[in-house]
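Mind docking these for me? Both chains are given alone in their own frames, and the hints should help you get the complex.
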Amino acid sequence: MNDTEGNKHDASNQLSKSPTGILGFDEITNGGLPQGRPTLVCGSAGSGKTLFAMEFLVRGAIEYNEPGVFISFEETEEELKQNVSSLGFHLEDLVARQKLFMDYVSIEPSDIEETGEFDLDGLFIRIGDAIDTVGAKRVVLDTLEALFAGLPNPTILRAEIRRLFRYLKSKGVTAVVTAEQGKGSLTHHGFEEYVSDCVVQLDNRVHEQTAIRRLRVVKYRGSRHGTNEYPFLIEQDGISVLPITSMGLDYEAPSEQIPSGVPRLDAMLGGGFYRGGSVLVSGTAGTGKTSIAAHFADVTCRRGERCLYFAFEESRKQIMRNMRSIGVDLAQWEQKGLLRFHNVRPSAYVLEMHLVMMHKLIKEFRPGVVVIDPISNLLTIGNPPEVKSVLTRLIDFMKMDGITALFASLLAGDRIDDTAIGVSSLMDTWIMLRDIETNGERNRGLYILKSRGTVHSNQVREFLLTSSGIELLDVYTGADGVMTGALRAAQEAKEMAQALEREQEVQRMQRELARERKALEAKISLLRSEFEGREDSLKRAIAQAESREDALAKGRMEIARLRKADEPTPPTQEL
Amino acid sequence: MCDPSEYFILRLYVAGHTAKAMAAIANLNTICEEQLKGRYEIEVIDLLEDPKLAREDQIVALPTLVRKLPLPLRKIIGDLSDTERVLIGLNLLPRPRA
Numbered sequence: 001m002n003d004t005e006g007n008k009h010d011a012s013n014q015l016s017k018s019p020t021g022i023l024g025f026d027e028i029t030n031g032g033l034p035q036g037r038p039t040l041v042c043g044s045a046g047s048g049k050t051l052f053a054m055e056f057l058v059r060g061a062i063e064y065n066e067p068g069v070f071i072s073f074e075e076t077e078e079e080l081k082q083n084v085s086s087l088g089f090h091l092e093d094l095v096a097r098q099k100l101f102m103d104y105v106s107i108e109p110s111d112i113e114e115t116g117e118f119d120l121d122g123l124f125i126r127i128g129d130a131i132d133t134v135g136a137k138r139v140v141l142d143t144l145e146a147l148f149a150g151l152p153n154p155t156i157l158r159a160e161i162r163r164l165f166r167y168l169k170s171k172g173v174t175a176v177v178t179a180e181q182g183k184g185s186l187t188h189h190g191f192e193e194y195v196s197d198c199v200v201q202l203d204n205r206v207h208e209q210t211a212i213r214r215l216r217v218v219k220y221r222g223s224r225h226g227t228n229e230y231p232f233l234i235e236q237d238g239i240s241v242l243p244i245t246s247m248g249l250d251y252e253a254p255s256e257q258i259p260s261g262v263p264r265l266d267a268m269l270g271g272g273f274y275r276g277g278s279v280l281v282s283g284t285a286g287t288g289k290t291s292i293a294a295h296f297a298d299v300t301c302r303r304g305e306r307c308l309y310f311a312f313e314e315s316r317k318q319i320m321r322n323m324r325s326i327g328v329d330l331a332q333w334e335q336k337g338l339l340r341f342h343n344v345r346p347s348a349y350v351l352e353m354h355l356v357m358m359h360k361l362i363k364e365f366r367p368g369v370v371v372i373d374p375i376s377n378l379l380t381i382g383n384p385p386e387v388k389s390v391l392t393r394l395i396d397f398m399k400m401d402g403i404t405a406l407f408a409s410l411l412a413g414d415r416i417d418d419t420a421i422g423v424s425s426l427m428d429t430w431i432m433l434r435d436i437e438t439n440g441e442r443n444r445g446l447y448i449l450k451s452r453g454t455v456h457s458n459q460v461r462e463f464l465l466t467s468s469g470i471e472l473l474d475v476y477t478g479a480d481g482v483m484t485g486a487l488r489a490a491q492e493a494k495e496m497a498q499a500l501e502r503e504q505e506v507q508r509m510q511r512e513l514a515r516e517r518k519a520l521e522a523k524i525s526l527l528r529s530e531f532e533g534r535e536d537s538l539k540r541a542i543a544q545a546e547s548r549e550d551a552l553a554k555g556r557m558e559i560a561r562l563r564k565a566d567e568p569t570p571p572t573q574e575l
Numbered sequence: 001m002c003d004p005s006e007y008f009i010l011r012l013y014v015a016g017h018t019a020k021a022m023a024a025i026a027n028l029n030t031i032c033e034e035q036l037k038g039r040y041e042i043e044v045i046d047l048l049e050d051p052k053l054a055r056e057d058q059i060v061a062l063p064t065l066v067r068k069l070p071l072p073l074r075k076i077i078g079d080l081s082d083t084e085r086v087l088i089g090l091n092l093l094p095r096p097r098a
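Just so you know, the sequences run in chain order A and B. Just so you know, we're using our numbering here: the first sequence kicks off at 1 and counts up by one. Just so you know, we're using our numbering here: the second sequence kicks off at 1 and counts up by one.
Honestly, the hints are just simulated from the structure, not real lab data. In this text, all values refer to a predicted model and were calculated from it rather than measured experimentally. Where a beta carbon is used, it is the ideal one built from N, C-alpha and C, also for glycine. You may find that some hints are simply not true.
[To be verified] If we take Cβ atoms under 7 angstroms as the criterion, some of the chain A residues that face chain B in the derived model are:
id : residue
1  : Ile107
2  : Ile112
3  : Asp121
4  : Glu334
[To be verified] Quick list of simulated restraints, FRET-style, between CB atoms:
id : chain 1 : residue 1 : chain 2 : residue 2 : range
5  : B       : Thr83     : A       : Glu77     : 30 to 40 angstroms
6  : A       : Ser86     : B       : Met22     : 44 to 54 angstroms
7  : A       : Thr155    : B       : Ala19     : 16 to 26 angstroms
8  : A       : Thr155    : B       : Arg95     : 18 to 28 angstroms
Isolated chain B, as found in the complex (with noise of 0.2 angstroms):
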């Protein structure tokens, strides 16, 4: 679990105004806002308009969520609906004992 007061610098991958990417970017929103209010920031890219940018992040799946800060590099893949694996994935949950 991190620290409470972390700033959380994400960066959503899309690929066009698809079904699953308004539920990614709407799924994204409220958890943030519940989870993480005032303490982080998102940029959505649509790698339709810049698909250079999906190597440099090494995106295969989309849509692909990227924590980039706080580090470690975390990759969250799908349109964000199951919310307890989200916040196992932002760190904001501890992960479950397999």
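Bound conformation, chain A alone (with noise of 0.2 angstroms):
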């Protein structure tokens, strides 16, 4: 839309369109058919042109209230009412509310003489009476090569058709004139040529005995719009057409996180499944894929929000019976209408049928939650460019509307397949399931091995279904690798074992420690007390040494005063 062409065509001539109700069809279209002018739907006989213009103008008079005129120049009025009340239309209620205006144009060629000139002024006044007896917004002719069939003429007739697609415009209708498929052309007799606004192609063949019908707008004048082939289904209420790649890659990109329905799982993925995003849940046979849908459509319906549940392998009820047994009620929420299983097998369609299938489906359930399990079961009806090309898809078709999808994937053998690494670059989530086995016994391993824009753990989990559910355990990781069930639990008690074992050894060398401190403690005081003693013996010895010199001083001061001396003399003066 933000293109320069687009801009350029919206301001300058602004291209009103007629949005024909069609599933699908008004998105690749970008809003419909264009308003007030013809548009040529072409295709073989048995491709669905006369109900899609069926379907266009029973929309229209009741959910866009434009009544409409369906001029037939094949079907009688009776045998088109019997063909389409099969799909639910019911032509006779909507002719009787003047909504709608059928006219059988019969033309035998048997009893027409040509005899001279002449133009169709009979059919443009039948259909100018037509739009004006219910007040006409749309028209459809169907299918033009009736005319040449039943008149003369050739050249005439020519100028004539385009004279009629002019008239039709002048009178403002927007119409759909139906033609049959030409070799090497669009339509039999050229009338691509003469309708400049919109060509629809439709084409219904047959691949490995299975019809595979496709719808292309060939041109669009003034009007962006999907080139591709799109893949339609003709189904119980009216074709659906799957829009495949006008989405793009400008999708919302929801920071809401929600849970997985296994805490534990949440806790490693940092919050849960981004809201609009794609989990691939890859494993081997009966490594627990189906119980984690099972799980996240549990706590989705819990929430209160509606989960699709494409079940490709499994019947309903033995899913429903086997997750009863670990614990997960899905019942009680189809009851209550928010859980809707669809059960079908991979070879009922061809690959884009399923496409086309599941997108209905999800237009009209509209659901938040769609599990799809498991999608390795498409592959047996398509190699791998194409389921991934469908599965983008149909990705982007939920990633648009904030759908977050949860696939589950069967891997073959123990390497990653290339189906999960085909795919796994459309995915924001992967999570992987792994049968590790060893001594004789089989565990589960979950891990993560990716998920955008959350931080999460890198960690194997030991995975267990118990009968309350999915249990994430730690497991032990060593040198031998991941160890899970008894082997873990050995190694558990192992390393208990070894733990105890440090703890002794430690307190063995405090105690130690202890020991030695007391044994120098000892000596210490051993040596004081020595000390100590000596200390006394050689005070002793000062104190008498120090008396016996005053003995003597005293001695000679005796001598002195007996020699008559008046003074004592210092020592000094006696040298």
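Take a look at the structure:
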């Protein structure tokens, strides 16, 4: 919408569109058919032209309050009513309410003689009268070939058909004109040359014994439109076209995280899955993919959101029974209308038809979460690039609608196979379930291979299925790799013994330290008491020596007094 | 070939006074006067006045001459300028073998 081409058009020459109400078609044409202009719908016999045209009128009358006129050249009113009643279209009622006017134009070539110049004013008058009768905004002419079969002089007819398109335009009606596919051209009589506004091609091919219907917008003047071939389905309530790539990569990226249903897994994912994200759960057979899917469905419904579960492998009843055994009661959600299963064998449709079917159901049910279990089964009906292309389209479409999708994928062997690699780039979160087989025991391991935009655990968890659901346990990761189950328990016991041993060692060393300290302290006190003993005797000796010196001094003074010395002379003067 | 005494009821459908319409009326009058004098009836219907009548006789091309009687019903389209083909259409001349 933002390209210059589009803007230029929007600004100067706004092209009004008439929504067809046909599921998916209005998306690929950005709004429907060009309003007030004729559109050519071409295709081979049985490609769904009449139905497309009729649905355009019926939806217009019911949903957009635009009365319509159906000019049929091939089928009578009765035939038409019968043919489309199986699609839930009740034409009788619309006719009675003046919402629809049907006119069967019969041309019997056997009773017509051409005698000179003629024109198709008779037809024009009938169309004009029909339009005026119900105030029609939409007109269908089905199919123009009948004019060539019934009337002579193709030269006149060509000129008249050219005039017919101009006439329809002048009436301001949005018209659908159907025509047979030609060999090497869009239509047998080259009508595409007369219709400059919009040409739609329908196709019905048989591929490996399965019919595949496709639709292509060949041209659409003044409007952007998808140019791919879009697969479509004709089902009990009309046509549904699958818009494939019109969405691109400009979808929202919500930051809300929603729970996976397994609290420990949420913790590993840093809060859960991102809303609108796509989650791949891959694993070998019996690793618990469906169990994870069931938990996710359960927690979604518990929140009051709807979940659509596509089961390609197991029946709905089988899944519900199995999940009951691990404490997940899905039946209650189904009863409340929050959970819907869609059981279908992959081989029931070709790949693209599955996509159309899924697209249609999602549109109808408007779920918050979609589970596809498993996508690997789709590989049985398509090669990896095809599956990837189909899934890309599906994921894009779901992202646009903010739907969180969980895809289960069965791995054939231990290695991450090509399918997973092929589609993994489309996935925001990839959870891997592995069998860990050691010492005669098989255990399950879970790890997160990638999770865009979340801080996630890189650790492997042991994955247990208990009667109350999934439990995730820490696993022992050592030099010998991941250990689970009994082996993990044994390893844990071993570790505990080792830890005890280490603790005892520490205690022993602490005791030794205390003992050594004690011994040292004893030595110190012994030395101190020895020293104290020595100190005593030395002090005594010093005291004795001093008292002896005193006595000597006293002796010398006595001698001096006896020698009549007046004064004692200091000893230095004696020298 | 039909019985020369049979009575013809003819209805000519036109839309307004176009050149083709006027030519058709003139051509029809001439042919009838020459071939069916006294045993024909012509009704000219202008669909612009009553468009619903177009459905009744399954009219697509104009002008269309409908031979109501004698049965079977026949339709002759165009401005009736090709007299021979008009006579064949009215079953007054045998259809040439192809």
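Status of the hints after comparison with the structure:
1. Ile107: 6 angstroms, holds
2. Ile112: 5 angstroms, holds
3. Asp121: 4 angstroms, holds
4. Glu334: Violated: closest Cβ of chain B sits about 53 angstroms from Glu334(A), beyond 7 angstroms.
5. Thr83(B) with Glu77(A): 30 to 40 angstroms: 38 angstroms, holds
6. Ser86(A) with Met22(B): 44 to 54 angstroms: 50 angstroms, holds
7. Thr155(A) with Ala19(B): 16 to 26 angstroms: 18 angstroms, holds
8. Thr155(A) with Arg95(B): 18 to 28 angstroms: 24 angstroms, holds
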